[in-house]
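Residues per chain are reported as follows:
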Amino acid sequence: MSTDVEELLREGMDRFTTGVQAPDGLARAAVRLRRRRRAVRAAVACGAAAVIAVAAIAVTGVAVGAPARSGAGLTQARTAAYVIGRVENALATEHLVLRGHATSGGWGPTITWVYGARTRFVEFTSHSCGHAAPSGACTHHGGSEPYLAQGDAFIHGKRYGVYVTYFDRKWSGSPGWETMPASACSRTGGLEMSGPAIVTSHWPAFIKATLGCGAATVTGHVRIDGKEATKITGSPVTVRLQGGEARAVRERWVRARWTLYVDSKTYLPVRISGSNRSFGGPAPSYVFSSVTDIQWLRPTAANIAKTLVTIPPGFRHVNSPANQ
Amino acid sequence: MANDRMAEVLERLLAERADQLMRSAVLLMGSREAGQDLLQAALERLLRHGKALRGDPEAYLRRTLYNLAADGFRRQGRLQRKMLLLRAQAQIPVDEIAEVDLRDALVRLLLQLPPQQRAVLVLRYWEQLTEAETAAVLGWPEGTVKSAASRGLRRLRELAVSWHQPELQQTGLRGQQA
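Chains as they are written, first to last, in the numbering used here: chain A, 1 to 324; chain F, 1001 to 1178.
There could be a bad hint or two in this list.
[What the hints assert, rightly or not] DEER-style ranges, computed between Cβ atoms: (1) F:Glu1127 with A:Glu145: 35 to 45 angstroms; (2) F:Arg1154 with A:Gly143: 49 to 59 angstroms; (3) F:Pro1114 with A:Phe315: 32 to 42 angstroms; (4) A:Ser285 with F:Ser1162: 32 to 42 angstroms.
No lab work stands behind these hints, which were simulated from the structure alone. The beta-carbon is built from N, C-alpha and C at its ideal position, and this holds for glycine as well.
All chains should be modelled from the sequences, with the hints used to inform the complete structure.
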C-alpha cells in the first residue's frame, strides 16, 4: 500500500506540474529585485522619503516602545536628567564636520559626511562585488567602488537633494531636501537611527530631546577606542511601509533598533549600531544591521566640500529614482 | 571570478535548469505565482552570495529554494493556498477514474501539509533523493528527515484509505443487490 501511495504521489506531482515553465527573464528580475532592495534600504537608512519617490515611506502605524517609568524607572529618570544636563553643555556640533564610516554584514561599506544641514551618503560595493554592471549585478570579486550616493548638491547655484547610481550612470533629484529629524521621538527619527546614515547635525539637542521623550534610555558606560562612552539605547519602533517601497521590497513593515555611544566628556557620538528588519510581505523577512564609527573633523574647505554630492560628467538625468 | 562571469553563470544555469526548478517551486508552494516568487527569492539570495556562483550554484539555489519553503516562505499565503485547494476540489469531475483522482487528491493534500513535511516529500518523491541526500539539501539531521517523511506519508495514506472506502462500500452493496 505504502509503495502505491508513493508512486501515486510521484505521478500526481508530475501531472500537477505538467506544462509548468519558468518565465523568461528570471535572472534579470532577480537582479532588479536585488538592486531595488539595495536602493530602498539606502532610502530607509537615509530617511530620504521626499527624494526617493519609489521609496516613499508613509508612516501610518507605529509601536514605539514604552519608556521606562516605573521600578528602575526612577533611577533611569535621574540618569537621563544628569545626561541631559551634561548634553546642554556639550560642544555645538554644527561647527564640526562629521564623518561616519559604516560596515554591515554582506553589504558594502558606507561613508556619510555631515556639515550643518548638508549631507552626503555614499555606499560602496562590497569586497565580494568589486564592480556592479549597469544591470546592478556584481561582476567580479575584490576591490570596492562607489555604488550609489544620496545627499545634497548645488546645481546652477540651487540646493537639491540628489540620488546618484554609479553602476548605471544615472541621477535624479528634487528641489530641496528632507529636513533632519529633531529627535528619535518620531517613528521616522527612530527608523533613521537604525541605518548607517547620520540623521542630524544637532546632536546635543537630538540626544536631549530623545532622552526627554523616553524614546531612548541611558543603559550604561563602555570604553570605545580607550575612551569612556555613555551607551544610549533606543526603544524599538515598528513602521509600516506603503506604496512604492512596500511594492519594491514586497514587505510591509520595518522594525528598527539602535544604540548610540556618546563620548562621556563631550557628548559627541562616537558610534551608532542599528538594525532594521523588514517583514510581513510575500518576500522572506530581511535583516539589515550596521555599525557606524564616527569621527569629528575640523571644518576645513576640503572637509566641507566632501559633504556635497558631485554628479559625475556624462551621467544621465532621470525623472525618478524608480528608473535607476 | 572574472568580469561578467557571474551573470553568465546564472543565465546558463537557468537556461538549463529553470523549468525543473520552477516545477519544484510550484510543488512546494501550490501555485505558479507563489512558485515564481519563491524561485525569485532564491535567485536573489544566490546573487547576494556571489561565492556560491563560483562553487555549485545549482546546489546552492536548490538548497535555498527548499529551505525557504521549509521555513514557511509566504506564511500568510496559507489561506490563499487553502482557497485554491477548495476551488480545485470543487472542480473535480465526478466520473473521473478513481486512481487518477487519487493522484490529484494526494497532491492537494501534499500542499496542505506543514512546509517542512512538504519539502521533504517533494525532495524524496519528486527529486527522488535518498534520505541522506534530502538531509544534506535541507541541512537537517537524517532523523528529522525520516520523521517528517513518515508523518507526511501517514497523512497521505490515511487519505488513500478513506478514498477507497466509499468505493469498497459501493462494491459491497452492489454484491448484496446481485
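Consistency of the hints with the structure:
1. F:Glu1127 with A:Glu145: 35 to 45 angstroms: holds, 40 angstroms
2. F:Arg1154 with A:Gly143: 49 to 59 angstroms: Taking Cβ atoms as reference, F:Arg1154 and A:Gly143 lie about 55 angstroms apart, which means the hint holds.
3. F:Pro1114 with A:Phe315: 32 to 42 angstroms: Cβ of F:Pro1114 to Cβ of A:Phe315: about 51 angstroms, so the range 32 to 42 angstroms is violated.
4. A:Ser285 with F:Ser1162: 32 to 42 angstroms: Between A:Ser285 and F:Ser1162, where Cβ atoms are some 38 angstroms apart, the hint holds.
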